[in-house]
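A.B. asks: One letter stands for each residue in the lines below.
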Amino acid sequence: MAAVTTGAPARGARLSFRIPRTRGASLAFYIVRRVLWMVPVVLFVITITFVLMHLAPGSPWDRAGGRQLSQAVTDDLNVKYGLDKPLWNQFLIYLWNVAHFDFGLSYQYQNQTVTHVLLESWPATLTIGALAFAFIVPLGIGLGVIAALRQNSAIDYIAVGFGTLGASVPNFVIGIFLIIVFSVEAYHLSGGNIFLPSGGFGWNEHLILPVITLAVLPTAYIARMARSSTLDVLRQDYVRTAWAKGLRQRLVITRHVVKNSLIPVLSSLGSIFALLITGSVIVETVFAIPGIGRSFVVAVSSRDYPMILATTILFSVVIAIVNLVIDLLYTVIDPRVRLS
Amino acid sequence: MAAAVTDQLEEIDWENPDQVGLWQDAWQRFRRNRIAVIGLVLVTAIALAAILARLVFALHLPILQDYLQQDPANADLSPFHQGHILGTDELGRDILSRLLYGAGISLTIGLLTQLIYLVIGATVGLTAGYFGGRVDNLLMRFVDVWYAFPDLLFLLVVVSVFGASLLTIFVAIGLIYWVDLARLIRGQVLSIKEKEYVEGARATGSSPLKIILRHLVPNSLGPVIVALTFGIPRAIFLEATLSFLGAGIVPPTPSWGVMIQQGYESIFAHPMEVALPAAAIAITMLSFGFIGDGLRDSLDPRMRR
Amino acid sequence: MKGVSGRLRWLPITAVSSMAAVLVAACGASGNNGTSGMAPNGQQILRTNSSTEPNSFDPGQTTYDYEGMIVRNVFEPLLKPKPDLSDVEGAAASSYDVSSDGLTYTFHIRQNAKWSDGQPLKAQDFVYGFQRLLDPSLASGYADPFFDLTIAGGANYSNVDPKNASAVQSFIQGLGLSAKDDHTFVVKLAAPAGYFKWVVTLAQAAPIRKDLVGSNYTSWASDPTRVVGNGMFKISEEVAKDHVTMVPNPNYWGDKPHIQKWIDYFIADANQAFSKYQTGELDMLQVPLANQDTVNSDPKLKAEQHKYPSLGTFWMAPNIQVSPFNNVHVREAIAHAVDRNILVNSVAKGQYVARTTYIPEGMNGYTPSLGSVQDYDPAKGRAALQASGLPTSAYDHVKLLTRATTTNQLVNQYVLNQINTNLGVHWTLEVVDSKTVTSRIRRGNFQIYGPDGWGADYPDEQDFFDVFTTGGCHGLNWGCPNDKAYDDLVSKGDAALKQSDRQKYYDQAAKMMEDQFWVAFLYNRYDVTLVKPYVKGITSTGIDESNYIPGDFNTNTIFIASH
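Each protein sequence line maps, in turn, to chains A, B and C. Sequential numbering of the first sequence, starting at 9, is according to this note's numbering. Sequential numbering of the second sequence, starting at 15, is according to this note's numbering. Sequential numbering of the third sequence, starting at 522, is according to this note's numbering.
Take these hints with a grain of salt, some might be off.
Stated by the list, open to error - Within a straight-line C-alpha distance of at most 35 Å, the following computed DSBU-like cross-link-like pairs (lysine-lysine) qualify:
id	chain 1	residue 1	chain 2	residue 2
1	A	K267	C	K777
2	C	K1032	C	K1013
3	A	K267	B	K209
4	C	K701	A	K88
5	C	K777	A	K88
6	C	K684	A	K93
7	C	K603	C	K777
8	C	K701	C	K684
9	B	K224	A	K267
10	C	K684	A	K88
11	A	K88	C	K1032
12	A	K93	B	K224
13	A	K88	C	K1019
14	C	K1032	C	K1019
15	C	K643	C	K731
16	C	K1013	C	K603
17	C	K603	C	K920
18	C	K643	A	K88
19	C	K777	C	K718
20	A	K93	C	K643
21	C	K731	C	K828
To be verified - Covered by chain C, per the in silico footprint, the following chain B stretches (three or more residues, Cβ under 8 Å):
id	stretch
22	125 to 136
23	265 to 279
The hints are simulated quantities; they were obtained by calculation from the structure and are not laboratory data. The C-beta atom is built at its ideal place from N, Cα and C for all residues, glycine as well.
Work out the full structure: start from the sequences and follow the hints.
C.D. replies: Written out as structure tokens, the structure reads:
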């Protein structure tokens, strides 16, 4: 079943299934089922997106200002891209094409396939997102756990203060602030010798500022989350018992506290990871990164239907996979949780 | 006055320890938590200032374009210039009055949307987590769908269908981010529900609703409060995005989100136009964070003496 | 195409006017007359920002200014504007003749003109390029109205079914386009059009090689590095959504560019681009309104700032078809209610020039004597409202529709405040995303909209007056006036062979617009551009994309001085 549930026989309606005997087989069985579930999920996402897309005011050929295309040109464009057919027909054609992994031509980048545009822009997003995630996990959890262990100490206040600031200043402001300090001002102060590139993509130096910007809010969030759940765990009976039994501090903390406090953090980490690798429009715009987040927003605001649909499909698959992984991780962290 | 109320409550506490005791006791502990009280005082002060600003300025001062300030030769937007305590923005409007007026709008949006998230998120999360099985699977796949959904497209359509209004703002924002909370609560419930006390309650035949309310809700409170606290600024910023789509607060009426967004454009020239609303949001958030921590500690049954 | 917000083919301009001429002299002088102090070839790198990635590098499929700027440097049209915009001069064609009836244009292609792969440029390449532009199955955004309404046989463009290949072929073959020989390109017009010499300066009016297009009719230019053009530059590299790099075309017939590597970035965020300029990673940059104060207060930046007048006029557009703006007095009231001086000096920080007439200063046909009828005068405005005979309720709660861009909002909040204060009404703003605004305007679903305006595609008035004709509204419907008398004046102006006759009709048309208050004119705009002191040799032409790169019609004169 989805995710995690107990093996409590009282609710064992699913016992009618033949349950594989070994743990490995059961795991495989579970994964296959979840992967199959993606088909209806994606179908549903396509349908709703398709409907929403056509409900949104404005057509792909409306221009953001100035001289509009004439009716004749607009009609010709509709024919060229098949938009002259009835909507239900367009929908079926689209589904048929998607079944063959043909996602069509972008309206905006003329004569480029949507697949090509996506493959061009995703790597930048992935790089930055994955790097940011690599910072968020240890920093966020570490800061949170330490803050909780030393509640009301200086480090606790720093963690809370950082968490608050990180969330009250929007990304784009943090980004431009970093640019002003480490790029523009550093350039002026050092006479042009030492400064970070303000934006762009290609060299390693380009990654520093956007990764920091991207990581601030999630790190703050995870730190607060980890602090809160660690405080909860510290009050649990088994931890008190462990302390009372005189177990070594490190052992208690690693074996009991950290592990258990990770449980609520895990689902948040999943959401954050999914968000990071599907791209942040703001960070990509502020740092001029040719990523998928920006191209998606441009697609929506220019009503580039095939780009919108394909990106949404990509996102829904990514999210479904991330959620599956998270659910699998639950079974590792919390042995009481079993897959059914 | 607070003392009088507590005295009263204390009496009731003896008569009905089970029902009122939890809340009475919680309030006692909350009051002793100095930081939480500071948070409460700050939030109250901000709320009062916002109400007062609305009564006093009635949107006159916040949108008044002081042309003296706009004489390009003497343009001075800095604080304390010509009686503008926090200075003026590029159109010569007093920033302090805009901040105070915007407080009402942004706080309402920040808080009400959290309520919407909580209602939807908790319902879905608790149901999925508690019942598990098919229910869980179905709900979580629905969450997958919702998550994959393009926010911007969704907002555009909501805006065009419902038109720009305060209701649109709540519907649009409220329907977007509840999924995070649903997943979070579900995860919490999954890890708690195998605990002895829950198993015990189940064994004694307690109804699911009772188990959820009595055990699961209080025990999963901590992370939920954190999530809600962080949700406040997110909603405030989202409102600014909405105004881009035509459904937010229509200018010249100020909101914090819009002030930050406009300030960003001229951050090189006038950094205060970003810094001030950001500071306002930070103070608000910190206050709610303090209150949240205080609430969690005081509601935690294990902390009861 | 023309437009207003920066994303469109919106035509900036430079030079020309007296004021502009001074600027050109100031910054162009060092350039045109010599290349002293030029840095070695290795340092001839120019880094610019055009904000947005082109949708296409195929001239026939481009419509925006940021595309035109690149395409114009990769493909050379027949003619180009003289730097002072007084007339056209030879480009790919060395000269042209017009028959006495004004119907036949004969262009003489340069004998030594070549494609970047070394093949000679032929008249047939222009025939093919123009035919393809008018092919309904390609649906080129610039086909209408520039080419279908001018070239003989093009009027049927809108009736051809793009799916009917034989109908398309017979339409294309029936166009008045022919190659008399390899170096003589002949265009027959449907009617005299004094402005046609300007139409062929458009970046879209490029030659295309049939053998290169082959069977990839729409996608032949998908790989920009394999595009073969006849311009000064060719594309050497493109990194999607990041930048395009151009290098000199070794086979260009004329003076080869000094710049050995021109990198044009697609940085959308103004603050990011501004940072890059400050850290020396960009050599030219348009100053966004929001950053103008920073530039003003920094002596170094201020010294690097150049102002290029932009051939565009902005206005508020009431919907003439609906109440209360079907009443001329209400329209008049708006025109009198806005103090343009505060707008241009304080709100726009000197980036705009107050203007209450249609044709912008610097363009052929600018008539300073016109426009005073729309001057700022609040008392007159209130009197006009009284004179409308409408009850207050008819005009008290109007919604002002605007695009959600920062600049627009700043100007709009000011305009709204002026109208509310000076006329004592209670109007509100409606700030909406661009596409929604466009779709609403096209359906006439608005009360008053702005600021919007018109930027020149080419410096001939026809391009401006066409906008308000009944047939020329092109779905703009800024409350299209649909006025027959105006249409007649404009078509007489278009067809007249003598420039002085054209001017006479156009001036009457302009006066009609102003007197009827079809729109309330507000301002012309400058392109305020930062240029590093070591970038020399800019030849501003008045209509180049000076917000991206001033002098883009004559990029070959730009060079980097030793620094």
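A.B. asks: All hints, please: hold or fail.
C.D. replies: Do the hints match the structure? See the list:
1. A:K267 with C:K777: violated (68 Å)
2. C:K1032 with C:K1013: holds (15 Å)
3. A:K267 with B:K209: holds (16 Å)
4. C:K701 with A:K88: Satisfied, since the Cα-Cα distance of roughly 33 Å is no more than 35 Å.
5. C:K777 with A:K88: Violated, because 39 Å separates the two Cα atoms, which is more than 35 Å.
6. C:K684 with A:K93: holds (13 Å)
7. C:K603 with C:K777: holds (18 Å)
8. C:K701 with C:K684: holds (31 Å)
9. B:K224 with A:K267: Holds, at about 29 Å.
10. C:K684 with A:K88: holds (9 Å)
11. A:K88 with C:K1032: violated (42 Å)
12. A:K93 with B:K224: violated (55 Å)
13. A:K88 with C:K1019: violated (42 Å)
14. C:K1032 with C:K1019: holds (20 Å)
15. C:K643 with C:K731: Distance of about 11 Å is within 35 Å: holds.
16. C:K1013 with C:K603: holds (26 Å)
17. C:K603 with C:K920: violated (44 Å)
18. C:K643 with A:K88: OK: C:K643 and A:K88 at ~30 Å, within 35 Å.
19. C:K777 with C:K718: Holds. C:K777 to C:K718 sits at ~25 Å (cutoff 35 Å).
20. A:K93 with C:K643: violated (41 Å)
21. C:K731 with C:K828: violated (42 Å)
22. 125 to 136: Since 0 is below three, the answer is violated.
23. 265 to 279: This one holds; 5 residues, not fewer than the three required, reach chain C with a Cβ under 8 Å.
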